[in-house]
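So the sequences go chain by chain: V and P.
Heads up: the first sequence begins at 1 in this note's numbering, then just goes up one per residue.
Heads up: the second sequence begins at 1 in this note's numbering, then just goes up one per residue.
Heads up, a few of these hints could be off.
Said to hold, decoys possible - As a list, the in silico DSS-like pairs of lysine-lysine whose alpha-carbon atoms are at most 25 Å apart:
| no. | chain 1 | residue 1 | chain 2 | residue 2 |
| --- | --- | --- | --- | --- |
| 1 | P | Lys57 | V | Lys148 |
| 2 | V | Lys148 | P | Lys24 |
| 3 | P | Lys57 | V | Lys393 |
| 4 | V | Lys419 | V | Lys346 |
| 5 | P | Lys61 | V | Lys393 |
| 6 | P | Lys56 | V | Lys397 |
| 7 | V | Lys397 | V | Lys346 |
| 8 | P | Lys24 | P | Lys56 |
| 9 | P | Lys21 | P | Lys5 |
| 10 | P | Lys23 | V | Lys148 |
| 11 | P | Lys5 | P | Lys38 |
| 12 | P | Lys24 | V | Lys146 |
| 13 | P | Lys80 | P | Lys39 |
| 14 | P | Lys53 | V | Lys393 |
| 15 | P | Lys5 | V | Lys435 |
Rather than coming from a laboratory, the hints here were simulated on the basis of the structure.
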Amino acid sequence: MKKYSLPVAIGVLVIGFWFSPDFQQIAAGVAIFLFGMLMLEDGFKLFGGGFLENILERATSSVPRSLAFGIVSTTLMQSSSLVSVITISFLSAGLISLLAGVGIIFGANIGTTTGAWLIAGFGLKVKISAYAMPMLAVSIILVFQKSKYLRGAGFALAGLGFLFLGIHHMKEGFETFKDQFDLTRFALTGLLGLVVYTAVGMTATVVMQSSHATMVLIITALAAGQISYENALALAIGANIGTTITAIIGSLTANFQGKRLALAHLIFNLFTAGVALIFISPLRDAVDWVSANVGISDTDFALKLAVFHTIFNVLGVVLMLPTLRALIRFLERVIKEPALDLSKPKYLSEAVDEFPQTIEIALRKEVKHLYDNAVELITHGLNIHRHDLFSTKDVAKTVAESRAQIEFDIDEKYEHRVKTLYTAIVEFSTRAGSKNLPHDVMDRVYILRDVAGQIVRAVKAVKHLRRNTTIYTSTSKGAASDLYNGLRTEIGRILAEIQRLDLAEPEDRSQLWLDEEAAQVESDSVNSTRVVEELIREGQMDADAATSFLNDSGYAYSAMRNLLGAARAYYIQPDSAMAEVERILTLDEEEVEAVVSDVAVAK
Amino acid sequence: MGLEKYANKIDEYFARLEDGKAKKIKPSHVLKVISKLKKKEQGLVQEIEVTEKDSKKDRLKRKVLIAREHIKRAEFLLDKITPPVK
């Protein structure tokens, strides 16, 4: 079916062009209009650079705010599709709740009606092509500027210019078209007309991927007298159903939350369309009453269509709003959260690829997911239970008492719980690198990718360590057991310290807390060789065990360094000036030892 | 006490700032870090009071010393970046 759609579409266009040159103008008008929408979208993305995302994050703390955000953003961007795609992206990244997401979609349905007003009230009455030309000329100067904000503004202005130009060509096309063909011959009345034209409106929107473009076509055709008012109403209802296709396509690459939102969008628009179709007569009366009261002439069908579009969308929101929480429960029941599979990325999906803020936040959460999996492998690899380690006040004692081997296949777990996530993180960061993101965001993306690398190296080091650690600590083997327990304790202490850092309030924590741990690792690493030599001399350790330990301690210190490095980079202040302060204050091993020994001398 | 190294780090920061490669540190940034460090230091002191094991006490004392050194250095940095009162 899919492989025939392109040739069929091109075929229809060519046949249409053959029979009517005016059809060419209408089709070109639609194409220019859609191109304008794409440019407007690109402009907002570039101009946004986190700005739009920041607002979205703040503006969704309650249902009324989400609703208002949906209305305002769709009015500004003149695209409910763009707003719904952004919302799905944010929902997938875990930045907003499903309730807020549905609120935005409801609001976007009201916001999108402003388009009909713009076209009916302004687009048809003013020669808007006169505005389009200077807009396009100015925009091209802006597009070639270095500043991304100016470029973004240029794209947005060009988008608006093309929208106007597209409307102009559609209008012109219909004006001359009506002299040759009288489309009103195909007008259908009664229930049949309602059903057929609703289906036509839906199909047109699915094909053009824009209810806005369909509404422009309907209004211009209506203004040119090419379709009847009744059929235009049905077309508008159909366009509202068809527009959900963009959200459905957007949700295909999203997680379960994105899919829930797309379903909510479909339910809302189907319900609204159903209500509009059933109550079409009272709605027409309501439109006439409102139009008469706001001074719209009885024969200005374009503006009356805009009134109708607004009334039925607002009515839909009014009717659905009280059932919002029930709708959320229904969505959660129908699309279940998949059972947690620790081996799969939880936050990285193509749906979050689009916006700088979602990319960084989703990646940050995924790296934490990787770290949590890594901690499980590291602790179990050293035969320690996480709960024991994180709840004890005496790490050394807990570690010494954790002697029983924890049975699991560390290689298999490494492949499934660590390597797969790391691969996804590297792929995601590489994809992000090709997206022309702001420099500071890209720097943080690469830092997070490197953090993931350090976590993986720590796990690999513990993999090497596991065999001998189990041999020397499951039963007492004298000095060698003490040494291996020492290594386990140090790793355990570092994990506990990182856990403490993670649990602290963001405004209280500082990666400087890890300075002492880092210095301790370095001094222990140097001392371990000396300690082993002494034990050999005293006959408390044979050369075999000593060699094994020295090799293994290398792995252990590598694990510790990587864990500390990862934690430092992960928990560094997000504000780059604060991060700068922390970097300046960080003490290296030499400085830590100097501080400690100076105090000892003073005593 | 490694102060030369610390002074070099600050000089290096000012050089990067001049090249536009570092973000300007304001006194408020340093004050925020100082407040965090003081909170941490107090927490460690309280932990020492309730800790019985000597080895753990020693380790905590080391941490307190480091936190105090951080505070001292942060105050020095604050002094360096605060514009003189005219």
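**Request:** Hint by hint, work out which the structure violates, then give me just those numbers in ascending order.
**Result:** 1, 7, 8, 15
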